[in-house]
Structures are given as structure tokens and as C-alpha cells.
Amino acid sequence: MRTLTRLIIAMTVVAALGTAAVGQPAERGVTPTEIVLGTSMPMSGPASPWGMGVGGGIDAWLRHINAQGGINGRTFRFLIRDDAYLPPRAVANVRELVERDGVFGIVSQIGTANCYANRDFMVESKTLWITPACGADMWAGMRERNRYVFITYPGYVDEGIFLTKYGVESLKAKKIAVFYQNDLYGQQGLLGVKRGVHAFQAKGAKLVAQVSYEVIDAEVTAQALKLKESGADTLIIYADPRRGALIVREIAKVGYQPTLMSTFTLMDPMMFMLAGEAWNNIYLATYMPMPGMGDARTDAALATITRINPALARLPFNAAAGVSFVEPFLEGIRRAGPALTKERLVEAMETIKNWDGEMIRGVSFTKDSRQGINRMFMVKSERGQYTKLSDWYTYPKKF
Amino acid sequence: MTQLAQYLVGGLATGSLYALVALGVVLLYRSSRVLNFAHGDIATLGTFVAFTLLGRKLPFSLAVAGGLAAAALVGVLFFFFVLRPAKEASLLGKIVLTLGLALVLGGAVQVVWGTETLVFPFPLSDTRIYRVGQVVVSETSLGTIVTGIVLMTLLYVLVQGTKVGLAMRAVAQNADAAQALGIPARRIYALTWGLAGALGGAAGVLLAPVVFLDPFMMLDPFLKGFAAAVMGGMDSLPGAVLGGFLLGIAESVFAGYISFKFKTTMAFAVIILVLLVRPEGLLGRVYHRRV
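Residue numbers (the numbering used here), protein chains in the order written: chain W, 1 to 399; chain A, 1 to 291.
Simulated from the structure, these hints should not be mistaken for lab results.
Be aware that a few hints might be false.
Unchecked claim - Pair by pair, the computed Cβ-Cβ distance ranges are: (1) 382(W) <-> 103(A): 51 to 57 angstroms; (2) 95(W) <-> 238(A): 36 to 42 angstroms; (3) 296(W) <-> 62(A): 55 to 61 angstroms; (4) 62(A) <-> 172(W): 30 to 36 angstroms; (5) 176(A) <-> 95(W): 29 to 35 angstroms; (6) 294(W) <-> 62(A): 51 to 57 angstroms; (7) 56(A) <-> 343(W): 44 to 50 angstroms; (8) 112(A) <-> 294(W): 49 to 55 angstroms.
Unchecked claim - One-sided excerpt, in silico: chain A residues whose CB lies under 8 angstroms from chain W: (9) 10; (10) 61; (11) 134; (12) 235; (13) 236; (14) 255.
As the list claims (entries may be wrong) - The list that follows gives simulated cross-link-like pairs (lysine to aspartate or glutamate, EDC-like), each with its CA atoms no further than 20 angstroms apart: (15) 261(A) <-> 368(W); (16) 175(W) <-> 214(W); (17) 261(A) <-> 183(W); (18) 367(W) <-> 382(W); (19) 261(A) <-> 214(W); (20) 388(W) <-> 350(W); (21) 261(A) <-> 220(A); (22) 342(W) <-> 358(W); (23) 367(W) <-> 350(W).
Glycine included, every Cβ here is placed at the ideal spot set by N, Cα and C.
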């Protein structure tokens, strides 16, 4: 009798455990009706225009997909945590999202230093990471370790080379200066310009000044004076929107008028509002068609997200960038089918070849490459608009 | 030489803002020995109120007056409703209360106005410039320096040349004795909090067109203003002005000739050096307590 009782208890325990196992989701952050995603963004502080635009764009696009019934029967829940552009807070946010909230993946994140601070944790924890918006060069040489990372964002080193090349070849730049944020973001841009200058030394290119600011600096008056002193005929800017706008205003104030070139991170039309007239005739590189440049699909997608969140109309480029970050991932989820797991998603993402989204174009991933795009083109700001200046410039894939 | 003059002009413009912030900090410290960590946030709130009033098509002067009044009101209300009831609290406790106010105001500004970077409309042009020889000064910089100096002078006249100022100084020296002589100490304290708030608001309004308006714009200027106050002497109004200008100029010249990366570090290194030589600050007085 005692043996029978023990047997019944043992069977009950086994049955209960079995039931619990069946009741658990097959994959962290995925239920039969929902996929939970998360991100850490600067929703406050000097880089908040990036966070609000990109984070808002992703959120609005996921709401749009949800309104259409989701993908394969699942809708999306998107958790945004504010890191104020501070790496320690970005690390805490991402750990909380992964370990406590149990997200399926992290979509984007902003700030090269912030992404770099999270890189090892993301790689070691084998968490899906879709297009961290930070200099993609930090993934170079990590082919064996980046199985769960997919990126459709350029590296600032490649961009710096392109800006210098265009400046020298098309704008007759000789004496080049760089104004940069003294962190990994600005330093990578600076490195790109240095490599570009090195490559075009024979054509007379020379780096005559490299002037930095710290993320806590309130104003950049002394930097403007230093840049003027350098006598550079071309100034390349790697800054956040606030300091980017400030420096072009400050150099105008001190009567310095070089050819101005800038990273695509300052492409949002809000720069026209912040810098006013000073944001005219700026040459910028971009990696996707800009809203308002005649691409109907891009304009339609922007109209969709601004209907959902009207505040995004003030940050159209960043909002569009947010959509471009999440689009390939959504395509991967579609291709992975209803039985969604992390491994199935990875395999599905690897089938994406020369794929066009509503915002991003020409995305390709393979088993060996997580660098979804490797091309840019040049635009120029004129009276509150951007005009396309060049064809695609393609650079070598690194990871 | 032209370069140096240009850096000096840039430093003067920045220094005048540091000096305004420092004056507000010192004004309160002199009267109550309380270090107000909410000074920057009160200034930010006043600037946002002015911004909102400008958005409602009020003339610039009225909008700024409204902003300054709001900043002053916050200071007065904080004194009456928080500091006064907590009069038995230790000095450290009162300082922690100002930290609490900073958090409350910072959060409130973010909730009401958001975290976006905004352009503060200003009647002076940032791109219209004047040339003195080779040295270039923008209209905004000139306006900032002149307004800063005018405000500092007015404050000095108020404190040193009026009955209210005399009462403020009396309360600062010995509140009980001043009250026994018929000076309404509570109202004088409240006035001091209001004045300090309005000074902070003025610094915010002058700073916003230069660095854009957002809830965090006073973070760096407050730290620097605070440092300037320490350097000049925490109980000396002229010391606060001197500290502000010296800090602004030192930063600008150091950044121009030596390094941008260590601009802020250098500023604090100079302060440490000054305090090593004169612990009471450049123009501060040494207090000896008889026991």
C-alpha cells in the first residue's frame, strides 16, 4: 500500500512537471499571441531627438503591424527604456529587458559607446540584437561571435572615408578639419576621415584640425574659434544634434565659412529648426532614401507612422530610420513561420537577399555576413530640403 | 594676440552666465547657509515658463518677467512650505530637501514640456556680429555680457545700498538679533529665496538661446556656477562674480591653447588650487568662532 502511494505521488509530480513544461512558451518573449521586444534609447538628454525619433518610429511601425493583425497570428509589445545616452544606464536597461522582462530580442539601441558597453553581454547571452544604431565597425572581426546580431546600419569609419572621398573629389577639399564628440561615435568618424585623408594624400588632402567636445559641454564657443584658426576649407561634423547645430551657428558667428559636411546622424530636418539658416549647404551621407525626396514608398511609410504618432512629423528622418531598423527583422519573423524560435528566426534572416523594405533597400544577410547593407549616397541641404547628389557608393563588407 | 582676445571675449560671455548662477547660490548661502542644489532646476523651470509665454505671443519682456516671477515664486513657496516647517532640521537635512526639490522640478519640467531640444526665441541675433579690430563679438554674446553685468550691479546696489539689503545682511549675520530689532526675518528669507530664483531664471533665459532649451540645459552651468561660487568665496557676492568670470575665461583660454578634452577638469583643478591657497575662496572672509 505504501509503495502504491509513493508511486501515485511520483506519477503526479512527473505529470505536473510535464504540464508545466507544456505551458511554458517555446521561446523567451514569444507566446502564441505575442512577441515582446525591447530597447534602450536616449529619451532624455542631449541625444533625445535620436531616441524619440528612432524609438517612436519603431513603436509606431509595430503598432501599424499590430493593427493589421500582426505576423503569423502574433502581435508585438515593445518596451522602451530611457538611458539618457549614458552607457551605464544602457547596460542596466538591457540587462533588465533580457533578464527580467524576458524580451525575444533587442531592437536597435542608440549610441556607439552604449552599444559597445552592451556588446559582450548580448553576445554571451546569445540575445537577438537587431540593428544597434551605432558604428557598425565594432562588429568587424567578430564573425564567429555575432550569430544573433543583424545590422542594417553603416559604420562611421566607412562613412568618414566616403565623406572625405566626396569632399576631395567633388568639392575640392584640401585642408580638412573634424569636429567630433569625444566618445566612440565621434572617434570612429574621426578615424574614417583620417583614413580617407591618408588615401587621398596624393590629391593634396590634409587633416589640419581635430576638435572635440565632451557630452557634458553646454557650449562650443572655444571649439568654433579653434576651427576658424585652423584655416580648414572643409569641416566634417560628428556630433549630437544639439552640438551639431551649435557648432554651425558658432562658426557663423565668428565669421568662418568652410564647406560643411556631416554624418547622416544629423540628417533629421529638426536640424533646420535648431540651426536655422546655418544648416544650409551642408553635405551629408545617407544609407536610405530620405522622406520627401520623391520615393513614394518611403513617403507612404512615413505618413503611416505620423498618423499613429503625430509627434514623429518633427523628427521624420529619425522616425524613418527606426522603421528601417525593425523592417528586416519583421521580414525574418514572417519567413520563420508560426513555430517561431530564435534559431528558426536566424535561419530565416539568413535567407534575406537584396530585399527592399518600405524604408531600407537592398538588404542581404548570409550565414557568414551580418552586415545587411554596405552602401551610401550623398545629399545636400538646401532651404530646408535635402537634394540627392550622387549615386550609391559601395564599401567592402567587414562582418 | 587677436586669438587671445577672441578667447577672452568667449570666456567673458560664458563667465557672465556662471557668475549669475553663482550669485544665486551665494545669495542663499549667505543668508541661510543652505546650499541650494535645486538652483539649476528652478532656473530651468523659469526659462520654460518664459518660453511658454512667448509661445502665447506675449512681448519678450513680459514673457521673461513671467518666467523670472515663476522662478522666484518657486523659491518663495519652497521656503514657506518646505524649509520653514522643517526649521528644526539640520543643515545637511535642509540641503537634502533642496536635492528633493531638484528631482521634483526636473521631473515636472519633463512631464509638462517633454525632453525635446527647443529653440528659445531671443530678440538678439546670433549671427549678427560686431568687429573690434580682428575680434568678433555676436549680438547675443554682447547682450549676455551686458545684461549679466547690469543684473549683477543691480543686485549689488540692492544688497549694499537699500534698506532691504541692509535687512538681508542683518538676517544673514544673526537672524535672532535682527528679528529682535524688528526686521521680519521670515519675509527677508523668503525674499532672498525669491531673488535667488529670479537670478537663476535670468541665467536660464540668457543661456537658452546659446545652448538651446531642454530640461537638462542647466546641468553643466549649475555645476560651473557652483564651482565659481566656491572659488570666489561662498559668502561674497563680488567673489561669485569674480569666480564666474575667471572660470569662464580660464576654460576658454585653456580649451583654445591646451586641450578641449580636459577643459572641465582644468576648471576644477584651478578651484582646488585656489582653495589650497585660500580655503575661504578668493574674496571670502575667514570666520572665527569664539568658544
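- Can you name, in rising order, the numbers of the hints this structure does not satisfy? 1, 2, 3, 4, 5, 6, 7, 8, 10, 11, 12, 13, 15, 16, 18, 20 and 22
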